[in-house]
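> Just so you know, the sequences run in chain order A and B. Counting from 1, one number per residue, gives the positions in the first sequence under full-length UniProt numbering. Counting from 1, one number per residue, gives the positions in the second sequence under full-length UniProt numbering.
Quick caveat, the hints were computed from the structure, so don't treat them as lab data. One or more of the hints may lead you astray.
[As the list claims (entries may be wrong)] One-sided and incomplete, this derived list gives chain B residues near chain A with beta-carbon spacing under 7 Å:
1. Val193
2. Glu220
3. Val228
[As the list claims (entries may be wrong)] Computed cross-link-like contacts, DSSO-like style, restricted to lysine-lysine with a CA-CA straight-line distance of at most 30 Å:
4. Lys840/A / Lys816/A
5. Lys768/A / Lys779/A
6. Lys189/B / Lys519/A
7. Lys785/A / Lys47/A
8. Lys453/A / Lys222/B
9. Lys456/A / Lys8/B
10. Lys219/B / Lys519/A
11. Lys453/A / Lys223/B
12. Lys769/A / Lys189/B
13. Lys769/A / Lys222/B
Being a predicted model, the structure only gives us computed values, none of them experimental. C-beta: ideal position from N, C-alpha, C; glycine also.
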Amino acid sequence: SNPFEVKVNRQKFDILGRKTKNDVGLPGVSRSKAIKKRTQTLLKEYKEREKANVFKDKRFGEYNTKISPEEKMMRRFTLERQQNYGKKNIYNLNEEEELTHYGQSLAEIEKLNDIVDSDSDTEEGGALSAELTAAHFGGGGGLLRKKASSAQQDEEEEKPKSRKELIEEMIARSKQEKQERQSRRESALELTEKLDNDWKEIQTLMARKPPKSERKDKEVEKPKPDEYDMIVRELGFEMKAKPSERMKTEEELAKEEQARLQKLEADRLRRMRGIDEQANKKKPSHISADDLADGFILDKDDRHLLSYKDGKINIENEEEKEKDEEEEEEEDGKEDNENEEESEEESANEEEEEVAADSHSDLESDLESEEEAAGNKEQKKHNTNENESQNMKKLDPKMEAAKSELPYTFAVPESYEKFKSLLAGRTVEQQLLILERIQKCNHPSLAAGNKEKLEKLFGFLLEYIGDLATLDLPELRTIDRLVLPLCNLCQMFPEAASDRMRFILRDAAHDMEEVVEVKGRAAFPGLDTLIYLKIISLLFPTSDFRHPVVTPAFIYMSQLLTKCRITTLQDVIKGLFICCLFLEYVSLSRRFVPELINFLLGVLHISLPKKQAQGYTVVHPFTPVGKNLELLLVSDKKDLDSWQKQNLPLSVVTKLKETSRTEINHIRLSCLALCFDLIKKCAALYESLPSFHEIMHPIRILLTQHLLANDYPEKMQEWYQGALKEIENKDKRYIPLICEKKKPVPLKQYTPRIVKVLEFGRTQGSSKKEQERKQLIRKHKRELKGAIREIRKDNQFLARTQLSEVMERDAARKRKVKELLGSLATQEGEWKAMKRKKGKN
Amino acid sequence: LPTGLYKKVLVILHDSILPYMNEPTLMIDFLTVAYGIGGAISLLALNGLFILIHQHNLEYPDFYKKLYNLLDPSIYHVKYRARFFHLLDLFLSSSHLPAYLVAAFIKRLSRLALTAPPEALLMVIPFICNLFRRHPACRLLVHRPDGPEAMSEDPYIMEEEEPSESRALQSCLWEIQALQNHYHPDVAKAAAVLNQSLSEMEDDISGLLELSAYELFDKEVKKKATDVPLEFEQVRGLFRKKSDIFAEHFTL
Chain A
1 SNPFEVKVNR QKFDILGRKT KNDVGLPGVS RSKAIKKRTQ TLLKEYKERE KANVFKDKRF
61 GEYNTKISPE EKMMRRFTLE RQQNYGKKNI YNLNEEEELT HYGQSLAEIE KLNDIVDSDS
121 DTEEGGALSA ELTAAHFGGG GGLLRKKASS AQQDEEEEKP KSRKELIEEM IARSKQEKQE
181 RQSRRESALE LTEKLDNDWK EIQTLMARKP PKSERKDKEV EKPKPDEYDM IVRELGFEMK
241 AKPSERMKTE EELAKEEQAR LQKLEADRLR RMRGIDEQAN KKKPSHISAD DLADGFILDK
301 DDRHLLSYKD GKINIENEEE KEKDEEEEEE EDGKEDNENE EESEEESANE EEEEVAADSH
361 SDLESDLESE EEAAGNKEQK KHNTNENESQ NMKKLDPKME AAKSELPYTF AVPESYEKFK
421 SLLAGRTVEQ QLLILERIQK CNHPSLAAGN KEKLEKLFGF LLEYIGDLAT LDLPELRTID
481 RLVLPLCNLC QMFPEAASDR MRFILRDAAH DMEEVVEVKG RAAFPGLDTL IYLKIISLLF
541 PTSDFRHPVV TPAFIYMSQL LTKCRITTLQ DVIKGLFICC LFLEYVSLSR RFVPELINFL
601 LGVLHISLPK KQAQGYTVVH PFTPVGKNLE LLLVSDKKDL DSWQKQNLPL SVVTKLKETS
661 RTEINHIRLS CLALCFDLIK KCAALYESLP SFHEIMHPIR ILLTQHLLAN DYPEKMQEWY
721 QGALKEIENK DKRYIPLICE KKKPVPLKQY TPRIVKVLEF GRTQGSSKKE QERKQLIRKH
781 KRELKGAIRE IRKDNQFLAR TQLSEVMERD AARKRKVKEL LGSLATQEGE WKAMKRKKGK
841 N
Chain B
1 LPTGLYKKVL VILHDSILPY MNEPTLMIDF LTVAYGIGGA ISLLALNGLF ILIHQHNLEY
61 PDFYKKLYNL LDPSIYHVKY RARFFHLLDL FLSSSHLPAY LVAAFIKRLS RLALTAPPEA
121 LLMVIPFICN LFRRHPACRL LVHRPDGPEA MSEDPYIMEE EEPSESRALQ SCLWEIQALQ
181 NHYHPDVAKA AAVLNQSLSE MEDDISGLLE LSAYELFDKE VKKKATDVPL EFEQVRGLFR
241 KKSDIFAEHF TL
């Protein structure tokens with residue numbers, strides 16, 4: 001363009017890699033564009049500002065550029081027809097609309113029927129072949145004639161061919177075609193079958209194949225899911241029990257395991273000290289995305305299947321349970337396969353989904369890794385297979401029977417009632433199996449909503465466990481087993497699990513708070529809450545400095561120990577259970593729990609006879625005087641002698657069924673023994689605390705001065721001595737405290753701060769969020785500036801037009817005045833001239 | 001008077017009875033006796049007594065000694081905790097108190113804190129910090145750079161009734177150091193504050209006085225969890241962790 005119209009924005013420095021978009025401007029062009037735009041919009045508005053009437057263009061889509069002109073015309077046409085439709089003259093019955101085709105009236109077309117038809121037929125000749133139309137619709141004479149004349153010459157020779165003959169010929173031809181197609185399909189089938197067989201042979205022979213060819217096979221076979229797919233799936237399932245790398249020696253395995261544990265332990269310690277509580281909030285969770293995806297417990301280590309010992313496969317028997325699970329998985333897989341074989345139609349949708357997902361997603365990777373491993377794995381596979389079969393035999397027949405009853409797929413129950421009814425009346429093994437199948441059929445990788453469903457399942461399972469615990473005869477063994485699937489689910493969805501747990505804790509605490517507000521004191525909660533608290537310690541690391549679930553649990557337990565009244569023997573047992581929980585929670589972190597010491601002191605206190613001089617004070621909920629003292633006091637000599645240390649059954653907590661005095665006395669003594677042991681453990685745990693002796697002081701006084709150990713049986717005395725020794729053996733050492741030195745505040749200096757620049761052209765040293773905010777602010781500023789500029793220009797434009805209007809008006813007035821004056825002057829002149837003339841005359 | 005009635009009277013005494021009496025000094029005997037009873041009643045009588053001392057020029061001999069002896073483990077557990085600590089804060093706010101007295105109070109409070117629930121601890125630790133700020137001479141309790149290497153015994157005598165004899169100034173606050181290992185994260189953090197030199201501003205403990213365990217729990221539960229670490233030790237069953245305490249004492 002014209003170089004005089006170009007404005008160049010000169011850059012001071014050339015910066016590499018910077019895009020310059022505004023280096024050349026065309027002020028004249030952009031100005032004229034802006035003015036044009038304003039005259040079209042703003043000026044129009046300005047001119048119409050005092051007009052009430054508006055001229056509207058109501059033609060359909062006149063200003064809509066998106067519609068193509070043809071369509072526009074079509075739409076207009078239809079609109080017009082619609083408008084005219086209702087306005088028919090109702091008295092004129094005969095009036096009919098003229099029907100058209102391609103703009104021509106049908107009536108006219110009908111007159112020239114043949115010609116048009118023949119044209120279209122020869123041109124198209126597509127879907128409906130000429131013969132077919134002829135045969136089916138009888139074909140007018142004209143049509144036959146035309147076809148005869150145009151298409152086949154040999155037929156033309158023997159022109160007088162009857163209609164019947166024609167049809168027969170056609171039928172014969174179609175039959176032939178059909179036959180050909182069939183034979184082709186058969187040959188293809190044969191080919192695939194042959195391929196199948198070949199492949200099977202090869203697979204059984206060496207089970208190793210170049211991946212390319214196999215994939216080709218797969219592509220060939222794709223349209224038909226049959227045995228081949230099944231084998232692939234089997235391979236996939238086998239893979240899960242197999243390593244994809246070379247065999248590891250035992251030492252390597254041990255080392256790896258150790259390294260992993262060390263890492264996790266280091267993580268735990270870090271969290272325990274609470275160092276990085278604020279510093280790096282996003283701690284690397286130890287579950288990788290892969291683990292989440294395939295739904296196995298992280299910690300379950302199935303590598304033990306593969307380690308050798310003296311040339312034999314080393315299988316640990318202790319981990320029978322895990323093993324069982326694995327077997328079940330494998331069995332599941334197999335059963336699925338059988339199921340399919342037997343009745344493919346029967347298999348439910350979800351399973352098919354699973355199959356599809358498996359065969360497609362896992363196929364390639366599995367195959368590849370299989371090939372890597374397969375060569376030298378043949379032997380091992382045999383071995384493991386044998387093992388599996390043996391194990392399968394070992395499973396008791398009852399379970400087998402049960403399995404045959406159970407359906408293979410389960411939907412996740414919608415409500416807790418449904419869930420309960422699903423599990424009702426089943427044995428523990430069945431329940432476990434059902435849960436496992438639910439998990440498998442609804443794996444989050446299979447469908448979108450499955451994650452939520454399984455998260456809900458976690459809640460149901462928890463509730464179910466709570467229900468089991470509140471029964472009159474709590475099914476604790478079932479709970480013991482059910483903890484495993486619970487843990488699996490928790491590993492899959494930590495957030496949901498923690499939310500659920502916190503919800504339960506909140507409910508429990510809320511209930512207690514209400515009772516406390518009304519009565520001033522509370523009772524210990526049921527066994528279910530205790531079990532929940534125990535489960536928390538199984539699911540979450542209790543040693544963290546702050547943990548979303550564990551910290552509330554701590555506070556709740558502390559409330560239980562301080563607020564709940566001790567009135568019965570069960571209360572004592574529950575309290576001791578919570579003490580155990582506390583100890584377990586802090587066993588790694590060695591945190592100090594005052595409530596624990598208080599409670600143990602109280603328990604010892606209620607085992608004493610009344611009216612003893614005190615050198616210690618018991619605190620809430622225990623009272624130095626009152627009716628609930630001597631709860632643990634046993635004075636019967638015979639009972640004392642016959643006591644044996646026994647573990648307390650948890651079911652006692654809900655119902656104390658032994659009514660005989662002796663048994664109750666025995667339970668009391670067991671509690672006491674437990675208390676001694678807990679004291680011993682506490683002492684061992686807190687020995688590093690600087691004020692250990694002050695903490696243990698009351699207990700020590702009670703043990704040494706008030707408790708008459710000689711009355712107790714020998715076993716009890718052992719416990720007693722153990723506890724006492726643990727307390728007294730600690731040396732007393734008090735190191736004076738010294739404050740940490742204050743960090744000197746650095747002086748402000750003028751040396752430039754040097755910041756490492758990672759990316760040019762971007763503000764440094766701020767988080768992503770901050771950067772986004774800044775960017776938004778910048779954008780807003782720019783937009784605001786632009787808008788202001790536009791408005792200013794609008795105003796200028798308006799002012800300009802107004803000015804020009806005024807000028808125009810003024811000019812017009814001037815002109816008119818001039819005209820008037822001129823005319824007046826001439827008039828005057830004429831008049832004067834007349835006068836002069838008159839005067840002359 | 002029966003204990004229940006005693007308490008009821010004392011609870012309302014300071015704001016419903018005393019202001020409307022022509023001669024509040026008549027209550028002196030009643031309050032003195034109540035104050036001498038001990039336990040919760042003494043705590044409650046303190047309020048009325050304070051008004052008499054403050055507004056009616058009551059001279060009470062050995063007031064601080066009695067106050068000192070009121071401190072026992074139950075103060076952290078009773079219902080009137082907030083009220084008591086509010087008053088205690090008032091009494092100890094004077095900067096003219098001798099250092100030995102304040103040190104004795106500090107030491108006793110922290111000794112008793114070893115049996116306190118977390119909600120009380122959250123209140124009493126800032127309380128102690130405030131005392132340190134008011135009485136810099138007591139800093140010796142947390143900062144003793146030129147003391148002996150190690151002591152075999154805590155010099156402080158808990159059983160001593162006379163604050164001046166309790167040798168509190170020769171002791172250190174090992175109790176607070178123990179509380180740095182408290183299971184509640186906030187308590188541990190608050191206790192760790194004493195490791196550093198204190199800031200000049202006093203903490204406001206009025207909001208902490210009424211703190212209840214349930215509020216504490218609620219606060220903790222409502223925190224939005226961003227990341228939930230999980231236990232990595234594998235689960236075998238309810239009681240089948242290795243070295244499980246439960247397995248030793250409980251059966252399913």
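> Checking against the hints above, which ones are violated?
Hints 1, 4, 6, 9 are the ones this structure does not satisfy, whereas the remaining hints hold.
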